[in-house]
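Peer 1: Sequence:
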Amino acid sequence: MSQRLPKNPAFDFRKYQPFAFAPKLNDRTWPDKQITQAPIWASVDLRDGNQALIDPMNIEQKLKFFKLLVDIGFKEIEIGFPSAAQVEFDFTRRLIEDNLVPDDVTLQVLVQAREHLIDRTFEALQGAKRAIVHVYNSTSKVQRDKVYQLDKEQIKQIAINGATMLKDKAKNYPDTEWVFQYSPESFSQTETDYAVEVCDAVCEVWQPWLGQAVILNLPATVEASTPNVYADQVEYFCRHLKHRKDVIISLHTHNDRGCAVAASELGLMAGADRIEGTLLGNGERTGNMDILVMAMNLYTQGIDPKLDFSQVSEVVQIVSECNNLPVHPRHPYVGELVFTAFSGSHQDAIKKSLDYNEKHQETDNHWDVAYLPIDPSHIGRGYQDVVRINSQSGKGGAAYILQRHYGFDLPRWTQIDFARVVQAQAETLARELKTEELLDIFTNAYLSQDTFHLSDYTISNRGGEVTFQGQVASPEQVFEVIGQGNGALSAFIDGLVKATGRQIHVTNYAEHAIDRVMRTDNKTGNQTNAAAAAYIQLAVDGQIYSGIGTCNSTVSAMLKGALSALAQAW
11 MSQRLPKNPA FDFRKYQPFA FAPKLNDRTW PDKQITQAPI WASVDLRDGN
61 QALIDPMNIE QKLKFFKLLV DIGFKEIEIG FPSAAQVEFD FTRRLIEDNL
111 VPDDVTLQVL VQAREHLIDR TFEALQGAKR AIVHVYNSTS KVQRDKVYQL
161 DKEQIKQIAI NGATMLKDKA KNYPDTEWVF QYSPESFSQT ETDYAVEVCD
211 AVCEVWQPWL GQAVILNLPA TVEASTPNVY ADQVEYFCRH LKHRKDVIIS
261 LHTHNDRGCA VAASELGLMA GADRIEGTLL GNGERTGNMD ILVMAMNLYT
311 QGIDPKLDFS QVSEVVQIVS ECNNLPVHPR HPYVGELVFT AFSGSHQDAI
361 KKSLDYNEKH QETDNHWDVA YLPIDPSHIG RGYQDVVRIN SQSGKGGAAY
411 ILQRHYGFDL PRWTQIDFAR VVQAQAETLA RELKTEELLD IFTNAYLSQD
461 TFHLSDYTIS NRGGEVTFQG QVASPEQVFE VIGQGNGALS AFIDGLVKAT
511 GRQIHVTNYA EHAIDRVMRT DNKTGNQTNA AAAAYIQLAV DGQIYSGIGT
561 CNSTVSAMLK GALSALAQAW
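Per our numbering, residue 11 is the first one in the sequence shown, and the count goes up by one each step.
Keep in mind the hints are simulated off the structure, nothing from the lab.
Heads up, a few of these hints could be off.
[Said to hold, decoys possible] Below, simulated DSS-like cross-link-like pairs (lysine-lysine); rule was C-alpha separation at most 27 angstroms, straight line:
1) K139 - K177
2) K34 - K369
3) K255 - K179
4) K43 - K255
5) K316 - K74
[Claimed, not checked] Pairwise CB distance ranges (calculated):
6) D185 - H338: 18 to 26 angstroms
7) V97 - G390: 26 to 34 angstroms
8) G390 - K252: 41 to 49 angstroms
9) W377 - D210: 42 to 50 angstroms
10) N36 - K252: 16 to 24 angstroms
11) R249 - E187: 29 to 37 angstroms
12) G390 - Q413: 19 to 27 angstroms
Virtual Cβ for every residue (Gly too), placed ideally from N, Cα, C.
Given the sequences, and given the hints that come with them, work out the whole structure.
Peer 2: Written as structure tokens, this is what we have:
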């Protein structure tokens with residue numbers, strides 16, 4: 011009998027309080043909105059993501075990552091915190107001095123509202139064509155009360171001072187087009203009306219209505235509520251900001267509750283214009299909002315995400331190498347197993363959906379497949395791992411693999427029979443079966459029977475009556491097979507009944523052409539293929555058996571299939 015783990019007395023839910031910063035918004039409009047276009051995307055992989063790494067990226071890794079971001083299509087890239095470390099400063103200078111920034115890409119950097127840090131930041135950006143300087147200070151109640159021990163007016167003054175310093179310093183670098191960005195850090199845990207008050211004060215300094223480009227970024231620095239509450243905060247902020255039409259509203263969500271993508275999506279519906287995040291969600295604690303996931307979510311709705319993830323495996327490889335972090339096999343869209351079905355019912359539904367699509371591709375070219383939200387080939391993934399076989403798999407999975415890889419289109423009754431064989435083998439091995447192993451099991455079960463061998467035979471047709479005459483050899487004896495029927499198969503079965511004394515009749519039959527190579531012999535390099543496959547189900551003395559035959563001749567395949575079924579009854 012199992013013993014329960016001892017209870018940890020510190021696990022006490024009474025230590026926590028319900029979220030206290032939801033604005034009163036009884037007439038919210040965002041639930042009725044739909045996302046119809048991609049937001050402005052801003053990657054923060056090289057700053058926020060980099061700061062969360064055990065081993066931060068070196069300059070060469072950052073250069074490689076920067077090129078990837080440009081290739082994907084990001085137009086705004088936060089490259090670092092130049093005043094925080096020499097490597098951050100040097101990387102910024104490398105991009106600018108080596109002319110590595112495309113004309114349509116804007117660099118973004120982060121800085122605290124402190125004069126010497128702001129000085130260092132502008133020094134790092136000297137010579138940039140266009141740059142976003144992102145200044146921030148925390149406005150949340152917990153930080154005001156416990157970290158800074160300052161009141162609301164004092165915290166607001168920090169923001170005003172930072173905005174003023176940015177405006178003044180930028181005048182010293184007139185050759186650069188400056189964009190100012192301000193974040194009330196921990197916006198998610200700030201009274202929303204106070205966040206509006208602080209941002210209004212910052213706008214009074216920057217005066218965006220006179221042409222200064224301004225971004226107001228609303229971070230869920232710590233995700234502390236359900237996504238709908240964050241959306242309420244965003245809608246309230248957009249409604250009450252004095253100069254909403256003159257600024258860009260940006261969102262920067264974290265994943266502490268596992269809802270960062272949902273929060274950003276709802277926040278976009280609530281009025282935001284811009285989204286900050288990282289590829290694969292790397293970031294502090296449980297991570298930043300995963301831009302790849304959110305972009306692909308738009309893609310599944312028929313919306314151009316404006317980012318190119320058509321070769322997602324290469325993206326994942328570079329991100330993993332630079333971050334030195336593994337990717338979970340169930341990570342949305344990119345994990346090793348996300349397009350894989352082990353469940354039998356799932357496999358059957360996928361197979362039938364794909365078969366239907368192939369037959370109707372001329373009249374319906376939209377993707378709609380059970381259990382596959384997107385076509386793996388659209389992002390550079392293959393079909394080889396869509397269905398994988400273990401003891402939980404059913405008839406559809408094994409049939410799908412044999413059809414996709416080897417050209418065998420098993421009829422339903424053969425699928426049922428083969429599924430039993432596959433499940434028994436998977437249970438014996440207690441592991442997943444590889445594709446090659448599945449073919450071996452199939453071959454051993456149906457195609458490699460050595461009980462019966464068909465010698466030379468003749469088939470004649472006189473007046474509609476077909477006569478079969480030939481020999482079938484078993485290890486014990488040779489049968490003279492002579493029979494009549496209305497076709498080659500019925501004549502062959504009639505001859506087998508006479509020769510063996512067994513009660514035999516055909517209960518199901520199917521055939522098709524095979525248009526692909528079954529396998530290549532590793533030793534000789536010779537390819538094994540066949541022009542036709544025939545599936546025969548026989549009732550032998552009242553018991554049902556399934557057999558399969560392959561050959562260049564349809565008739566020979568049919569006869570071999572009958573012997574394959576008979577061998578199982580012998």
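Peer 1: Keeping to a limit of 27 angstroms between CA atoms, is the pair of K255 and K179 held or broken?
Peer 2: 26 angstroms, holds
Peer 1: When you check the alpha-carbon spacing of K139 and K177, does it fall within 27 angstroms?
Peer 2: 17 angstroms, holds
Peer 1: Could you check the hint for me, namely that D185 and H338 are 18 to 26 angstroms apart, CB to CB?
Peer 2: 45 angstroms, violated
Peer 1: With respect to the beta-carbon atoms only, verify the hint that G390 and Q413 lie 19 to 27 angstroms apart.
Peer 2: 23 angstroms, holds
Peer 1: Assess, step by step, whether the Cα of K43 is no farther than 27 angstroms from the Cα of K255, and give holds or violated.
Peer 2: This hinted pair holds, its Cα atoms lying about 19 angstroms apart.
Peer 1: Honestly, do V97 and G390 meet the 26 to 34 angstroms range at C-beta?
Peer 2: Holds - the Cβ-Cβ distance for V97 and G390, about 33 angstroms, lies within 26 to 34 angstroms.
Peer 1: Per the hint of 16 to 24 angstroms, is the separation of the Cβ atoms of N36 and K252 within bounds?
Peer 2: 22 angstroms, holds
Peer 1: Cβ-Cβ distance between G390 and K252: within 41 to 49 angstroms?
Peer 2: Roughly 47 angstroms apart at Cβ, these two residues keep to the hinted range, so it holds.
Peer 1: Please check whether R249 and E187 have a Cβ separation lying inside 29 to 37 angstroms.
Peer 2: For R249 and E187 the Cβ distance comes to about 30 angstroms; the hint holds.
Peer 1: Is 42 to 50 angstroms a correct range for the gap between the Cβ atoms of W377 and D210?
Peer 2: 46 angstroms, holds
Peer 1: Given the hinted pair K34 and K369, is their Cα-Cα distance within 27 angstroms?
Peer 2: 54 angstroms, violated
Peer 1: For the pair supplied as a hint, K316 and K74, confirm whether the alpha-carbon distance does not exceed 27 angstroms.
Peer 2: 21 angstroms, holds
Consistency with the previously given hints fails for numbers 2 and 6, ordered from lowest to highest.
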